[in-house]
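Engineer: One-letter residues, chain by chain:
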Amino acid sequence: MIHQDKEPIVALSSIPNTGKTTLFNLLTGSSQSTGNWPGVSIEKKQGHMRLGEYQIQLIDLPGAYALLPTTEEEQVVRNFFLETPPDVVLNILDARNVYRGLGLTLQMAMSGLPMVVAVNMIDEVQKQGAELDIPVLSEHLGVAVIPISARTGEGLPELQRALYQLIKKPAHTRSPHISWPPVLEEAVKSISRKIDQCSEFQKLDHNFLAMRLLEDGNNSNIVHDEPVAMAVKNWRQRVENITGSEIPVICAKCRFNAARGLVLEATHQQPIPPDARSEKIDRILLHRWFGLPLFLLIMLVLFQAIYGLGVPLQEILSQGFDAGEAWLRAQQSIATLPIWLQSFLFDGVWQGMGVVTSFFPIIALFFIFMTIIEDSGLWHALHF
Amino acid sequence: MSSRLSLQAGSECIIRSLGPDKKVARRLAQMGVLPGSRLRVIRLAPFGETVEVSIDQGQYFALRNDEINILDCEMVAMPLSDKSVKIEQYYQIRSLSGGKTFQQKMEHQGISPGIIIQIRELNKPPILIGLLQEKKIVALGFGEAEKIIIEVIDDPPG
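Residue numbers (numbering that gives the first Met the number 0), protein chains in the order written: chain L, 0 to 383; chain W, 0 to 157.
There are no misleading hints in this set.
Straight line, CA to CA, 35 Å or less: simulated DSBU-like cross-link-like pairs of lysine-lysine:
hint, chain 1, residue 1, chain 2, residue 2
1, L, 252, L, 168
2, W, 21, L, 232
3, L, 168, L, 188
4, W, 21, L, 43
5, W, 123, W, 135
6, W, 22, L, 202
7, W, 85, L, 252
8, L, 5, L, 43
9, L, 188, W, 22
10, W, 21, L, 188
11, W, 134, W, 82
Simulated coverage check for chain W against chain L, where a stretch passes if three residues somewhere in it have a Cβ under 8 Å from a Cβ of chain L:
hint, stretch
12, 9-22
13, 26-38
Keep in mind that the hints were calculated from the coordinates and are not lab data.
By construction, the Cβ of each residue, glycine as well, lies at the ideal position given by its N, Cα and C atoms.
In isolation and in its complexed conformation, chain L is listed as follows (with noise of 0.2 Å):
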């Protein structure tokens, strides 16, 4: 049981664009806002949420591919979790597409920290008709699998209800098989033994930090130890001169060749494609010729649209303005006061006023218009 004293933590860790910070909003109860493209989350960003009788902050981190880094997303995604390891690891994985999701969550199940996965947008592979065998998933990866869909809330308190009990009752996660060369599966064991020997890490399993370092080989901020630095440095050379490729390279094709075969033995039918009606809009909007042309279009209608409807209401503004500037200039208060004041009153405040707003409906309408086409993801293809 964790200590009552302290805050436990829960980290939610995904790849990009699993539905993380729906899933962070919806069991905070925050409005973080979400972005329907990758790298929304740069930052990690922290919550809070009640289960029972625990307070927990919830972290939501970045979105990223692996644990060693390639992006800024990931650096901060492998310091939190080798420098502050949380209480509890929950993974996010995309229904749609398991596979690609599963090279993170093998890596963090190799941890040893007690996690729970998330198999989010479950709604939408059922609409399509495919299934999914969560409970081979969850026998296969060990830990908890729990369906959801974080737009809808369906699956939320069970999630919420797996929480719990491995907060209560915290179960350490076993290392998934995976195959690797012998050589490495060696050079694994050897530098685990080395760091059994120093006692800074409790949290994190041993084979796990030996994997990290030998993938990760020059950042040495993980361990301080000297025999251990030698070692890796050591088998790491040995490693690659015998497989002759880089020990990344092989450790993810290890990761997912498991993946492959869970995947092979957990879906039901062949993989399917994202999104059969967006691929469809997709065929029109990028198309190769008319995608540009189009999308300059869109534009187009979105300026008019904005000035049709921007410039009358700027006009019944300004008559509002200046029939307000009449009135005003006819009470007796106002017309005793000096010239000076009342040319400041009138020419300075009231009319900037006048002018400042009547940009305003302008401005109103350009963000509900960009508002709409952020929605619909059609920036986020504007990038491809």
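With the hints as your guide, set chain W onto chain L.
Structural biologist: Frame of chain L; chain W shown alone:
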């Protein structure tokens, strides 16, 4: 037989190795694109710099041209105009890209998905292909050949 993935919507290859750029190889590996994965070109971006591809596990990516060019691939399907197409060799037509008019024109000549063809003349235009079932030879321009996606078949039929 190793070559580069030809950049035409519909072409497909099996990755043999991830290429010499360590950073790219590492990234692709982390995203699950590995030797043995099947890569299929979905569409090209307006200026051809970016290419949308899918791999057999059903995920979609956008890759840069130069990232694809360094991959070592074995072609599975490619346009008829591709460099890896060999004379005398048999192929099966997988799909016809291009508009409806083009597809109708091709079908009129007996070229439609599923049929087996043999390459007769390749090096100088027009490209001549033999249609196996109909036993006739069709002449094609290079522009037309580019839009016909063919698949390698192991054994010549018959």
